[in-house]
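Q: Here the protein sequences come in this chain order: A and B.
Okay, so the first sequence: first residue is 0 according to numbering that gives the first Met the number 0, each after it adds one.
Okay, so the second sequence: first residue is 0 according to numbering that gives the first Met the number 0, each after it adds one.
Everything labelled a hint here was simulated from the structure, so no lab data went into it.
It cannot be assumed that every hint is accurate.
Stated by the list, open to error - Think about it this way: if two alpha-carbon atoms lie no more than 27 Å apart in a straight line, the pair counts; the simulated DSSO-like pairs of lysine-lysine are: (1) B:Lys-470 - A:Lys-331; (2) B:Lys-409 - A:Lys-361; (3) B:Lys-525 - A:Lys-620; (4) A:Lys-370 - B:Lys-470; (5) A:Lys-620 - B:Lys-93; (6) A:Lys-408 - A:Lys-481; (7) A:Lys-620 - B:Lys-586; (8) B:Lys-409 - A:Lys-481; (9) A:Lys-331 - B:Lys-409; (10) A:Lys-201 - A:Lys-139; (11) B:Lys-461 - A:Lys-481; (12) A:Lys-534 - B:Lys-486; (13) A:Lys-361 - A:Lys-325; (14) A:Lys-361 - B:Lys-237; (15) A:Lys-361 - B:Lys-97; (16) B:Lys-93 - A:Lys-226; (17) A:Lys-481 - B:Lys-470.
What the hints assert, rightly or not - FRET-style restraints, in silico, Cβ to Cβ: (18) B:Ser-554 - A:Lys-534: 16 to 26 Å; (19) A:Arg-616 - B:Pro-491: 19 to 29 Å; (20) A:Lys-534 - B:Gly-485: 17 to 27 Å; (21) B:Ser-554 - A:Gly-498: 24 to 34 Å; (22) B:Lys-593 - A:Ile-214: 56 to 66 Å.
Just so you know, even glycine gets a beta-carbon here, dropped at the ideal spot from N, CA and C.
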Amino acid sequence: MASDSSPVNTRDGQSSPDGWPTSPVSNTVSSPGDRPRRKRGRQSSYATPSPMPTGSRARTPQATPTPSSNARRRGRARRSSATPTSTDDVPPSSDVGEGNEDDAPVVYVWGTNISVQDVNAAILRFLRHFREDPQQIEGKYMRMINHVIEMEGDSLDVDAHDVYDYDSDLYTKMVRYPLEVLAIFDMVLMDMVGRINPLFEKHIQARIFNLKSSISMRHLNPSDVEKMISLKGMIIRCSSVIPEIREAVFRCLVCGYYSDPVVVERGRINEPTVCAKQECLSRNSMTLVHNRCRFADKQVVRVQETPDDIPDGGTPHTVTLLMHDKLVDAGKPGDRVEVTGIYRAMSVRVGQTQRTVKSIFKTYIDCLHLKTTDKSRMDVQDPMETENEASTGDDDSTQKSEISVEQLKELSKQPDIYERLTRSLAPNIWELDDVKRGLLCQLFGGNALKLPSGASFRGDINILLVGDPGTSKSQLLQYIHKLSPRGIYTSGRGSSAVGLTAYVAKDPETGETVLESGALVLSDRGICCIDEFDKMSDNARSMLHEVMEQQTVSIAKAGIIASLNARTSVLACANPIGSRYNPRLSVIENIHLPPTLMSRFDLIYLILDKADEETDRRLAKHIVALHFENPNSSQLDVIDLPTLTAYINYARKHIHPELSDEAAEELTRGYVEMRKRGNFPGSSKKVITATPRQIESLIRLSEGLARIRFSEVVNKSDVIEAFRLLEVAMQQSATDHSTGTIDMDLITTGVSASERMRRENLVSATRSLIMDKLTIGGSAARVMELLEELKKQNLGGGAEVHLSDLRTALSTLSAEGFLAVHGDSVKRI
Amino acid sequence: MVGLPYDCLANPLGAVRSTFDKAMSSDSSAAALDGKDWGAAEVFRQFLFDDGGLSQVPWLSSSTMKWVQPNTLVRFRGMIQDMLGNEFYVGAYKDGDKWITNKFADGSHGPSDASSDVRIWERRLLYCTPVPGQNSWVECAPDAMRNPYISAMSPLREKRQREDEATESDADMVEPGHAIEDSPNPKKMREDGVAFEPFNLQKVVTEGSTSNSSTPPVERNSVSCLVKIYDSPESDLKLNEVFEFVGIFTFDPDLTVPIDDKEVMDDFCEDELLCLPPSKVPRLHCVVHRKLGPSDLVSSPHLELTTPVIKEIREALIGHLTAVLGGDRLPAEYILLHLLSRHNDYNVQVHARVDEVAVGKLSLNLTCFNKENMSVFGNNLKLVIGSLMPFTECLPLTVDYLNSVTLAPKKDYNTNRLVSGLLQLAEGSHLTIDETPLQSGTLNSGGLENAQVLRSMMESQKVHYDFTYYKMEMPADVQFLILSEGKSNILPADLVLPFHPSSVDPASGVDGEMLKAWRWYLATMKSLPHSIDPPLQKAVEDDLVAARQADRSLSREDFSRWLTMGRLMSVSFGATSLSMEHWQMVKELERLRKNRFQGNL
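Please construct the entire structure, taking both the sequences and the accompanying hints into account.
A: Have a look at this one:
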């Protein structure tokens, strides 16, 4: 059998060693022995050893005993269209022409009108002349080939897009008849390498990647067999590395003679029955010498569909990959990968020892190229990381592949994009539009700034949501968590300080101390969502101070002193004390958070459940619609989640807006005005309505707003909107209820200016009352009596005097040494 | 083999072949038939449905498996438990000048000559198991089946019988079990280690008084089956759906070649089918399949669908439930609504975002059960539900149990199979969770996960299947009934209702006709469409607003529940749109329920 299928042209011999002992489909038919004329490439370790030779080999009908599809047969190369049976008579001639440009008869790929010589020439042209940029002197692949030779590498990565751009016809042939075309490809490559460096012994093979279209695993069907395909998935299992024998060496037990290397043929190695040494010739004396045999690595990998590709009510499909040589261990379980390879079917034998095959095929992919893609759905890279990313190059293409940049840009040009995005954010949580706008700004983020002096300003926006239970705060949080590029969702109650920041653990095996990252560190460059912020322990909360302004986590324990980056936005939500917000108390009193921490939030939203009939009606309508109406009618014009994530991703990655002069002016003006508002006429008290922290927040917000529009410049309108957002948030949380003005002291100290004023008034009133009524060392007065008196006088600015207020005043006075309080009685000293 | 007036029943392959030959003679290219049906399915459909052949087709069960001949037509009812992907096979090959097809066959008929032309076709493999928790009355009456092959019994029979027995005791079989007793043998379970092992143990555990004693015979009598689907769009068959398959039964012991000494290559060849050897799991080449809805499972009584009749049935059913619950009518009303509830997932498409709300479900938490009255009322209630609903499961919640089992299905990458968990339930199943045996204790991480899975299933009607590297949400439609002493905090149900029995009245026996009517009533009413008229919609909205103005603590969930109840209430009367009367009834029920709470506290 082997004799009549002697190789017909140069592509044959290359990868004769067969890796398929049990695969009757891909068995090799050639006798490789008669081809070792060329010095290089013969004993190459081809990554996909069997398919190429099989396909390209001239075949005789009985050479492939397996049932095979038409696709297979079509794919087979025939050496000549005219004389399909005359395979045996040409070998020497075809061998000569490496470029096949000599006078050898035209060779066609079997069953097609694709000429081998044409393909050969096309590939040669492509490799020699393809340039990414016409200015380049040397072709891209020539440069890469040289590089490979220098590095003594064994593969050349060929971008299928380049092939397509250069010669779409070649691309089509390559995808449809990969076995033949790749064999030619390799051969051309070998020739080129041989010309550049005749001493280069290694076999270089082409690894095609980045096909124009990738197929979903569940759409693989019989017509894809023997085609080049590319698909995405997740590795779920890897076998151990299997050494696969390629060449065996035998030794005679009698005389010690070493046989010539015997190559795998049709999946098996034939042990010589007779010693080849003329003097010996003993029978059945040959034994395998393991350490002189040549092995190649092989690995079987199983890839599963990624969750997003699975339709409703389906389970993920899996496909088996076969990896060779360098591809072994290229991925590990859990990796998301993009695989380029040749889809193949192999018939199943009834029994291991039997030749008979079942009518069922096993399918697998002969892997040509494997690329691990990013694990997370959308990994935002900030400017700092884009540099190193640029070197890896192709990473970019995967991310935007699904939703093209043009589409996103188109979207950004819409005049109502800000509104649309707001609508698209958590569309089934109605109302709360301003909160959603704030969250949108948080998602897009501002620009982080690092001054040469070392001072840095964060670009992340922190938001706190405070509100009554049942106002879908947690749902908003969950939504943002899902949407955000990277992020951790934790609940305050279950989080400890170390769990949020970092902790030192002892490795149980080595006993070394290791640093384990906590939630905040893990959400670096993302959003850390903390639910039930109020229920967090004080200890844990105090850890947040550093994170929220300096954006680092410093720890010093157990011999490890480290400062870890935690450039994260914090989105927290809290319930008021006593579960319902008490409008009479300040935010600080309501949520019991230290003012120092509160001030680090850029926006604080109060989501109150107001007894508003209008809202109730909307709620009722919404729910009734949910239950009874055809939901399609209620669908708004919203952007779907993948587009939204892609949009945010792109903006965060590529848009870095800067303040325009106009915007800067507006910012200054607005800020001054905001501060001025505290000193309204006729009031001597000083109310702080804005702090420098607010101006930073404003800059961040307006940058975020510009990003939403994909604008590189922050406009005046952005600043105005930022002011509005801040005001809305501040109005709700920092309004002093007794005066109705915004008072930043509420946030920063928890006590408003008017409240402070009232307290002072009360103290002085009490002082004068006591001066009037009591004498030094005289009889004591009861507190309740004093309260009655004060109420009569109606001091304290018209407001009612409470017992607790009085007690506070008394304690202030006693601290001054003016009086002494014993239980219920007050004595003047 | 029989000639042209082929016998679809006994020689279905003959029918396949002759239709194929016919198709080939008119259009001689086999390539044209790629992924297409050439009329074979039509022939079978005609035979089965038009000519009434369906009733002659034997059901496939462990008892019938003993005599059903390979390559004959059988029926099988089961739930799609796992999908094993597609299989490529030699669909047709040329033998000499004649094309021969392998479709609907398992055999190793390959082309004798390697060079001959072949077409590769594909088929889908589904692993189907008996529906978890299927009650005995659902099962097709086995006595209706006579054995047409009694004389043709071959010596093979004995052999197969042995294999059947092996099947039953085979640990590899992933039999979705039903609730384990609160048997505290976690030690043993842990020893076994393997995720699905506890389910096998359940077979050993004797059925106690608290269990659903009607199920075991069904489980014993059913077999799992590997169904091969041809030419059917993927969206037709979904995981966890209940189907009735009619197909060609094959059983090819030749194909089992145990490969013990796997050579290294087998690391690659090893595939999911190896753990399902044909000798243990029968193959079914599906010709016709049909999805079973709730009303397909009950036999319809000869009743007119009129409002008075429905009302009568409803009244009788509530009366029966009241008797079972010791004369407490309020829970009986609620249980009726609960049994009619169904999670309509049409909202999922629209709100397929982060937090969809599961609309239409009505989980019920009956409180005030303790150890004593549980044994009386609880069990009776379970029995009644078991006799009314086609698929019921019961889960006694204990710390040990939660810690030791895996409730959510899990993908085992070693075998590439989905290992069924208790929560892999068919659409429309009913799950009773008995929280009374729950003691204080510590949940380990597995137990915590189980509790979360249960909770998320109850709240959002979604089960997170464990795929090691990620979790996959699978929609579910399961009714939850929780029996507990106090309000269950592990599983917050939509409705909490204290249960106050007044008398221990042994539930009077119910005659079969009555049960049949009730089952039919529940199944039919459940699938009624529903709408609301605009004027009433306005009235309901006003009602809701007024209620909320009066009581600020009313939340979105409360409103949602009321509307669900409103729908169920009108559905229970056989109405397709909400009426004011039914809406008022819901409000009255809710008032009574609230009163009961105040009285309780």
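Q: Which numbered hints does this structure break?
A: Result: hint 5 breaks, nothing else.
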